[in-house]
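Participant: If you want the building blocks of each chain, they are given just below.
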Amino acid sequence: MTDSRSLSPLDLETPDQTFLDANELVINMGPQHPATHGVLRVILRLDGEKVMGLECVIGYLHRGVEKIAENRTYTMFNPYVDRMDYVAAVSNALGYCEAVEKLLSVEAPPRAQYIRVILTELNRMASHQLWLGTHALDIGAITPLFYTFRDREEILKIFEKYCGARLTTHAFRIGGLQYEAYEGFEKDVKNFVSFVKPKIDEYEELLTTNRIWLERTKGVGVISGKDCIALGVTGPVLRASGVQWDLRKAQPYANYKNFDFEIPTGQNGDTYDRYVVRMAEMRQSLRIIEQAVEGIPEGPIMAKVPKVMKPPVGEVYHSIEAPKGELGYFIVSDGSTQPYRVRVRPPSFVNLQALELMCRGQLVADVIAVIGTLDIVLGEVDR
Amino acid sequence: MHGVVQYIQSYLESNQTPGAAGNFFWATVYILLVFVGLSVAVIAMNWLERKILAHMQVRLGPMRVGPHGLLQPIADALKLLLKEDIIPAEADKIVFWVAPFIVVLAAFTVFVVVPFGPTHAITDMNIGILFMLGVSSLSVLGIVTAGWASNSHYPLIGALRSSAQMVSYEVAMGLAVVSVILMTSLNEASTGTLSMIGIVQAQQAQQQWFVFKFFPLGLIGFFIFAVAMVAETNRAPFDLPEAESELTAGFHTEYSGFRWSLFFLAEYSAMIAVSSIAVTLWLGGWLRPFPNALQGSTWELVFSLIPGLAFLFLAAMTFYSTVRMPKHPLFRVQTIGLAGFGALLGLIGLILFIPGVRMRVQDIFWFSAKVAGFMYLYIWYRGTFPRYRFDQLMKVGWKVLLPTGLALLILTAVVAMRSELLADVRGVWHP
Chain E
1236 MTDSRSLSPL DLETPDQTFL DANELVINMG PQHPATHGVL RVILRLDGEK
1286 VMGLECVIGY LHRGVEKIAE NRTYTMFNPY VDRMDYVAAV SNALGYCEAV
1336 EKLLSVEAPP RAQYIRVILT ELNRMASHQL WLGTHALDIG AITPLFYTFR
1386 DREEILKIFE KYCGARLTTH AFRIGGLQYE AYEGFEKDVK NFVSFVKPKI
1436 DEYEELLTTN RIWLERTKGV GVISGKDCIA LGVTGPVLRA SGVQWDLRKA
1486 QPYANYKNFD FEIPTGQNGD TYDRYVVRMA EMRQSLRIIE QAVEGIPEGP
1536 IMAKVPKVMK PPVGEVYHSI EAPKGELGYF IVSDGSTQPY RVRVRPPSFV
1586 NLQALELMCR GQLVADVIAV IGTLDIVLGE VDR
Chain C
832 MHGVVQYIQS YLESNQTPGA AGNFFWATVY ILLVFVGLSV AVIAMNWLER
882 KILAHMQVRL GPMRVGPHGL LQPIADALKL LLKEDIIPAE ADKIVFWVAP
932 FIVVLAAFTV FVVVPFGPTH AITDMNIGIL FMLGVSSLSV LGIVTAGWAS
982 NSHYPLIGAL RSSAQMVSYE VAMGLAVVSV ILMTSLNEAS TGTLSMIGIV
1032 QAQQAQQQWF VFKFFPLGLI GFFIFAVAMV AETNRAPFDL PEAESELTAG
1082 FHTEYSGFRW SLFFLAEYSA MIAVSSIAVT LWLGGWLRPF PNALQGSTWE
1132 LVFSLIPGLA FLFLAAMTFY STVRMPKHPL FRVQTIGLAG FGALLGLIGL
1182 ILFIPGVRMR VQDIFWFSAK VAGFMYLYIW YRGTFPRYRF DQLMKVGWKV
1232 LLPTGLALLI LTAVVAMRSE LLADVRGVWH P
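As you go down the protein sequences, you meet chains E and C in turn. Going from the first sequence to the working numbering is simple: count from 1 and add 1235. Going from the second sequence to the working numbering is simple: count from 1 and add 831.
Hints were generated in silico from the structure; no laboratory data involved. All residues carry an ideal CB built from backbone N, CA and C; glycine is no exception. Misleading hints may appear alongside valid ones.
If you anchor each label on the Cβ, the simulated ranges turn out as follows [as the list claims (entries may be wrong)]:
#, chain 1, residue 1, chain 2, residue 2, range
1, E, Arg1298, C, Ile1179, 57 to 63 Å
2, C, Phe856, E, Thr1444, 56 to 62 Å
3, C, Val926, E, Ala1400, 50 to 56 Å
4, C, Val926, E, Val1292, 29 to 35 Å
5, E, Arg1522, C, Gly868, 53 to 59 Å
6, E, Tyr1552, C, Leu1161, 55 to 61 Å
7, C, Thr1022, E, Lys1434, 41 to 47 Å
8, E, Arg1298, C, His886, 38 to 44 Å
9, E, Gly1596, C, Gln1035, 38 to 44 Å
10, C, Val896, E, Thr1444, 20 to 26 Å
11, E, Ala1400, C, His886, 30 to 36 Å
12, E, Ser1429, C, Leu1140, 43 to 49 Å
13, E, Met1287, C, Met1225, 18 to 24 Å
Cross-link-like lysine-lysine pairs, in silico, BS3-like; alpha carbons within 30 Å at most [to be verified]:
#, chain 1, residue 1, chain 2, residue 2
14, E, Lys1453, C, Lys1226
15, E, Lys1492, E, Lys1453
16, E, Lys1539, E, Lys1492
17, E, Lys1453, E, Lys1285
18, E, Lys1453, C, Lys1230
19, E, Lys1392, E, Lys1545
20, E, Lys1285, C, Lys1226
21, E, Lys1392, E, Lys1492
22, E, Lys1396, E, Lys1432
23, C, Lys882, E, Lys1432
24, C, Lys1230, E, Lys1434
25, E, Lys1484, E, Lys1337
26, C, Lys882, E, Lys1285
27, C, Lys882, E, Lys1392
Based on the provided sequences and hints, a complete structural model is requested.
Facilitator: Printed below as a string of structure tokens:
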């Protein structure tokens, strides 16, 4: 595997010459393509089926979320973050709320913390289920998609009962929660955990030892731990390359240090290992949920936060372990009600950098597999 | 006038297929019957695939158009016919126009020699199986031209993939077929045959389906063919030429409306065609199951009643669904429609009990039932397997199936030679 920095960029200025070269075929995959998970555009340079080089073109879903933040108060910006990684909206909100709380030097009360952890882990589960379904669909297995969506529905039902929304939940408020857990929340979560445990085995039954699945994923899109760190790749992709780095353990936030769970890691850094790591993560999430739901303390759900938030002048960087990797918020406050600048470090955007390194020299079908295994969400890449 | 009637009647006394008897009238009738039957089969297959796949995937499938979505294929066909016919501006128009017809032609022509019964075939060719393999491989020409004429990248890659795939799997397929042809020579006359009807008659004479012949050689040959035929028809897990997630729709990306439906028709009739080959060569064609163990006139009667009973069973299931339909007045038309469909199935079942019909139709029934088994397998594969990658597909074809096929051929030849010699010594056949 070559170093990513030695790769020459694809020369987009002279497309005609590339076309005249009979050995190479330039293919424009996306922005409308069934397997680029949204509006990612990948320009592929092919020699037969072999990928000689590729370039990602992003920005088709750019909504200027970071700029919008500068014209909204801290509270008003909260729902906007849900729209970045829309399959893991709760994680986005957790990161943002905690960053602002850090800036305000307040801390959410323990009861709120517990409910936050439960919802975030449920959301991680939902995000991984969506990833599994679409990833398997990209590789040609159409059935897991329906299985995972069937079970993800149960999570969304809990969200809907909790806050009325299914996807862009806006579940958290700065300083805690707006809503008290509804009557029977704990029972619902417990039921879900016992319902979904055998279902994960069911997904694995379809794929884990499937010969074709193994051939399609083993040794595909290999990336070493060193390359991951050099490129800033985080999340399950990094862990599958053998680096044991999970912000829930490395820099515990919320109240993750109260829970007992493991960080699953892989060795080979290939697509199969990433699959295994994510499957294990689902089980770990369930473990955390089980512990959290047992120990929800009584008490208030909102800390004392001023109605008009004017954080002191300063800046803060807070990052959490979103389902896709390190999700960081860098907020600069000028002492007014609106942030001076909000910069988001989205895991999908950073992880997408590794695409070329992972795909070069592989086949077209592998590009699809690698895009799937990186688990990108274009709402987060483009913001 | 009298001459014409005599010409038509003269065939009924012969024991041959209309083609072999040289009777144009009955040949035309058979062609029409096969064509209509095939179209109905494709329509039924369309509905069944969606329903079965849906139930494998914990959903209901089509439910709105007609009771249980029974009219969905018709609605789809209508939609496709009414759609705007788009030919891309940059496409090579004539080739683009011709390509789907080549594919359809190849897919339909092979049915000329498919034996639905000892006399129920359009014709009996002495090179039947060779004709089938040859004509069905013509469809690759249509696919390549379709991909090329579209003048677009995804179709081009799809076409290249499919040509490589179909050509390489034909080799393994051919080897498996040759091993069966060796087996046909083990009869008293000691002559092998390439005729589709002859192959089934050889199985009848040897009292054994070729899938069980020289165990496990026949089984291996059948397995090779069963894998190669999926690749040959571009179906999951070998559906790379139209890999949706990679190539949007492969070679027919630029096709729409009626032209696209021709590709669809060709794909499904090709599936039926290769399944027919597999059934004819290994599973005893039109022969009923257990001809040896369950002999005698009683069993003959029992087995001849099965076609009618099968249809009555389907009718009963339909009536059960009718009873379970929602009682709301909005569903009245659908309920009546479903009951009508059940009545139709029941009527067919009752007609199949009439002794004259029963005896003529049971060959066709057993043949179709076996083919339907393969169709179910196709759907099952699609619901279960991920897709192979191009190089892995080639690896399976050239490094696994081809050497196995070669070894199988040699072993079959050796074993066949040995049993032939033994039979000569003992003077007894049925090796």
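Participant: Mind listing which of the numbered hints don't hold for this structure, in increasing order?
Facilitator: The structure breaks hints 7, 9, 10, 15, 19, 24, 26; every other hint is satisfied.
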